[in-house]
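Listed here are the chains, written in short residue letters.
There are 2 protein chains.
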Amino acid sequence: MNTLIVPELRELIASGDYDTLREFLADEHPAVIAEMISALHKDEVWAVLQYAEVDIRSEIYSHLDETLQVQIVKTLRRDEIVKLLTHMSPDDRADLFKHMPEELGESILPAMAHVEREDIRRLSSYEEGTAGAVMTSDYATLPPGLTAQQAIDHLRQVAPNKETIYYSYVIDEYRHILGFVSLKDLIVSHKDSLIDDIMNAEVITARVGDDQEDAARKIQKLDLIALPVLNEQDALVGIITHDDAIDIITQEHTEDMEKFMAISGSHEDAVYMKMTILNHFRNRAPWVVVLAIFGLFSGFIVQNFEGLLMQFAILSVFMPMLAGTGGNTGSQSATLVVRALALKEICARDTIRILSKELGIAFLLATLLGLLAYGRVIFFGAGSYIPPQYGLSQIAMAISIALGLQVISSTLIGALLPLGASRFKLDPALVAIPALTTIVDITGLVIYFTTVKLLLNI
Amino acid sequence: MNTLIVPELRELIASGDYDTLREFLADEHPAVIAEMISALHKDEVWAVLQYAEVDIRSEIYSHLDETLQVQIVKTLRRDEIVKLLTHMSPDDRADLFKHMPEELGESILPAMAHVEREDIRRLSSYEEGTAGAVMTSDYATLPPGLTAQQAIDHLRQVAPNKETIYYSYVIDEYRHILGFVSLKDLIVSHKDSLIDDIMNAEVITARVGDDQEDAARKIQKLDLIALPVLNEQDALVGIITHDDAIDIITQEHTEDMEKFMAISGSHEDAVYMKMTILNHFRNRAPWVVVLAIFGLFSGFIVQNFEGLLMQFAILSVFMPMLAGTGGNTGSQSATLVVRALALKEICARDTIRILSKELGIAFLLATLLGLLAYGRVIFFGAGSYIPPQYGLSQIAMAISIALGLQVISSTLIGALLPLGASRFKLDPALVAIPALTTIVDITGLVIYFTTVKLLLNI
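Listed in order, the protein sequences are those of chains A and B. Residue 230 in the working numbering sits at position 230 of the first sequence, with consecutive numbering throughout. Count along the second sequence starting at 1, add 1000, and that's the number in the working numbering.
Hints are computed from structural coordinates only; laboratory data are not their basis. Please note that a few of the clues may not be correct.
[As the list claims (entries may be wrong)] List of simulated lysine-lysine pairs, BS3-like, C-alpha gap at most 30 Å:
1) Lys357(A) to Lys1042(B)
2) Lys1453(B) to Lys344(A)
3) Lys1357(B) to Lys42(A)
4) Lys1083(B) to Lys42(A)
5) Lys1074(B) to Lys221(A)
6) Lys1357(B) to Lys344(A)
7) Lys344(A) to Lys1074(B)
8) Lys184(A) to Lys1042(B)
9) Lys98(A) to Lys162(A)
10) Lys218(A) to Lys1218(B)
11) Lys1274(B) to Lys344(A)
12) Lys221(A) to Lys1042(B)
13) Lys1074(B) to Lys357(A)
[What the hints assert, rightly or not] Derived CB-CB ranges, DEER-like:
14) Asp197(A) to Gln1157(B): 16 to 26 Å
15) Asp1019(B) to Gly145(A): 22 to 32 Å
16) Leu426(A) to Gly1209(B): 42 to 52 Å
17) Arg156(A) to Val1006(B): 19 to 29 Å
[To be verified] Chain B is nowhere near these chain A residues, computed Cβ spacing over 10 Å in every case:
18) Pro7
19) Gln71
20) Gln220
Even for Gly, the Cβ is constructed at its ideal location relative to N, Cα and C.
Please model the complete structure; the sequences and the hints are all you need to start from.
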């Protein structure tokens, strides 16, 4: 669809049919337009955007992905940038400001109105990933003592400049929150009721320094349209809206998944196709190299038991299965524990209960997979060389017991690592699956060779 | 915190201090209360809920997790259930109805009011996972021709029974949508303006049969508070609200992650700690067993090359590293492609562009890891037995070239499998990482042994 619209847009510009272009820009949803024009060259994007009304232009622009936003802004004149920024919502504006080259940002600020300048400085001062960095400063407040009708009249006047007027916060002179009222409450109340009586005094808030995901999860749990954000002095300084909460949760999930699969780097605006090969390489190489170095250990272990392997070639036949099964069962328990930790279903204090549950599951899996392995060795092991003093069933028993132990140990390791990370206030997803696989490779080989040696009396 | 409140709540019930209990139930947010009382025994949960006002009781109850909801409802009298259901929101009510035992549901329906009964029947008829199954029927509509003031007056009256009054849909006699107005638009308009002039005629909608995730992503993309849902006759039959969209997206994340890590089963209300060991086992065992059976192939390959391994014990030393590195690089590319597909950044048509990008990345990774492997064999391989006619550097070269080829092939396989799944309209996450690891284990062994044989002229 996006690629279909490209020639049409180019045609409109080339033929000078600006009326149709203006109509298109005014009628479609800004997010839809942004998606469509993203397929154009960056110079063409601006050529189209020029024909939109200033406020709609800024809104469409805000929906473009950040890399493209920065690319475009670099090609604009200073007055064009100022106009663009002035009509953007404060949070998107501060975000763009943070990501544009510093000199460019500093050269624009003096041309902005005082209020916006201060607003940009303040919002862009919060650290990436905090509630402060994602909040917007366009929220509606009410002084105490108004009637419902007066409050509605006030909201009517400020509405055009507010991200939402559905929630308003009643604040005192220090911007401390006294309560909050929804527009629904105001509408259904008698027009002479005092907002002090209508408002809800139990307001759930976030702090500027809170993790953005915690704030988003509050919005999710309490089904909020917006969550107010307080600074260190308990003063209201911004709100996070429901639509930002969805974006935060999606972004955090991408990050979790990538961390979990051992891909490093900031994923903030990492659109797959737009990242260069070199950047992809930079994000992927570190962990792969670290794990390859850790993989040295598995080499050492095999080297240590080389004599055993030369004697029982059949052992090397079942080595890949052992590593694979350990990796699979370990990554299952790790995945479930990481996800349950992320959704706050469990915490590090539950370690004992989780381990006993995993132990039960592991025993069942170990029995099943052990039986399977026994059958495999009996049916398919006949082709391998075995020293005459040992029977195939003896070896099958040793291998299947080793596999069972490997399943139990990797399931427990898979659950323990994220729980341990969480206990030390580290991100559980840091215990990436590839790292786990490397670890259970090593423990698995040790278990395998020692079990077999012990059971076969070598 | 939840466990701290448990003794206090028990104390309140035991001492008969029902006033404090009532106050607690009225003041805190229903979602917060639900979380707190979830730590109680299911009989105690109801003992507490009895003291809440009927509508708040239903709201708190809706925030309990589904398993607990069903457990509780089974212990209640019919009239208690009817009262509870009557005050629940239509979507939550239909959901509960679907999950309670069929006989119980059927025994309750006749006791419900006609309107609610029909509503439950209709909403619960949509297939799980569709937009129809998550929508609610409590939405606000307006007939055309009203003035802004008349519309506000109408909304004021219906407000108590609507999920949201912030968006209203202007519909004709066939419930076809003519447009939508936000309460903000109504408030800022002149009171005599006609809603036909205020309303936005370009309404973005979902169909009852649409995938729930697609509907939720529309809400996310367009920053909506609610998305209207149409039936096959284009009639408005429900809305999906922003808070449901967040829950859908979170649920889909969990499902994707679990599918991706080869954990089967429905994850709809699978709270980790509440699932029995046997259920966990049922979800995890199928894939692990299937993969273990597939793992047979890797055994066959090793068996095939047993002679080579007996001659060059050093090859088995580097076997685990080869499998591990292939699994790591393959799962990185698979993760990125699956995620980019889920976020609709790419589609199956981009296969060529994606593969050429991955090929570039794979070459860089292969060079880096190949060099690393060469160094490893040279430095640590000296301890292994090598037939006298071969030099260590010759073997090091063969192993590192094999590793490089393995990195390139597994990176491409990792990207290709989810793209292929998506081309055949299958869920890309179905190509789980453990399955991928098993596949690149097999291809890796073939690459390893054939490369070494060719390069060493065996």
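Against the structure, the hints come out as follows:
1. Lys357(A) to Lys1042(B): holds (21 Å)
2. Lys1453(B) to Lys344(A): Given pair lysine 1453(B), lysine 344(A) is violated - Cα atoms ~52 Å apart, limit 30 Å.
3. Lys1357(B) to Lys42(A): holds (21 Å)
4. Lys1083(B) to Lys42(A): Given pair lysine 1083(B), lysine 42(A) is violated - Cα atoms ~59 Å apart, limit 30 Å.
5. Lys1074(B) to Lys221(A): With a Cα-Cα distance of about 26 Å, the restraint between lysine 1074(B) and lysine 221(A) holds, given a limit of 30 Å.
6. Lys1357(B) to Lys344(A): It is violated: about 37 Å lies between the C-alpha atoms, which goes past 30 Å.
7. Lys344(A) to Lys1074(B): This hinted pair holds, its Cα atoms lying about 27 Å apart.
8. Lys184(A) to Lys1042(B): Status violated; Cα separation ~34 Å.
9. Lys98(A) to Lys162(A): holds (22 Å)
10. Lys218(A) to Lys1218(B): holds (22 Å)
11. Lys1274(B) to Lys344(A): Distance of about 14 Å is within 30 Å: holds.
12. Lys221(A) to Lys1042(B): holds (21 Å)
13. Lys1074(B) to Lys357(A): At roughly 27 Å apart (the allowed maximum being 30 Å), lysine 357(A) and lysine 1074(B) satisfy the hint.
14. Asp197(A) to Gln1157(B): 16 to 26 Å: 21 Å Cβ-Cβ, so the 16 to 26 Å window holds.
15. Asp1019(B) to Gly145(A): 22 to 32 Å: holds (31 Å)
16. Leu426(A) to Gly1209(B): 42 to 52 Å: Holds - the Cβ-Cβ distance for leucine 426(A) and glycine 1209(B), about 44 Å, lies within 42 to 52 Å.
17. Arg156(A) to Val1006(B): 19 to 29 Å: violated (47 Å)
18. Pro7: At about 17 Å from chain B, proline 7(A) clears the 10 Å cut-off, so the statement holds.
19. Gln71: holds (17 Å)
20. Gln220: violated (5 Å)
Going through the hint list in order, the structure does not satisfy hints 2, 4, 6, 8, 17 and 20.
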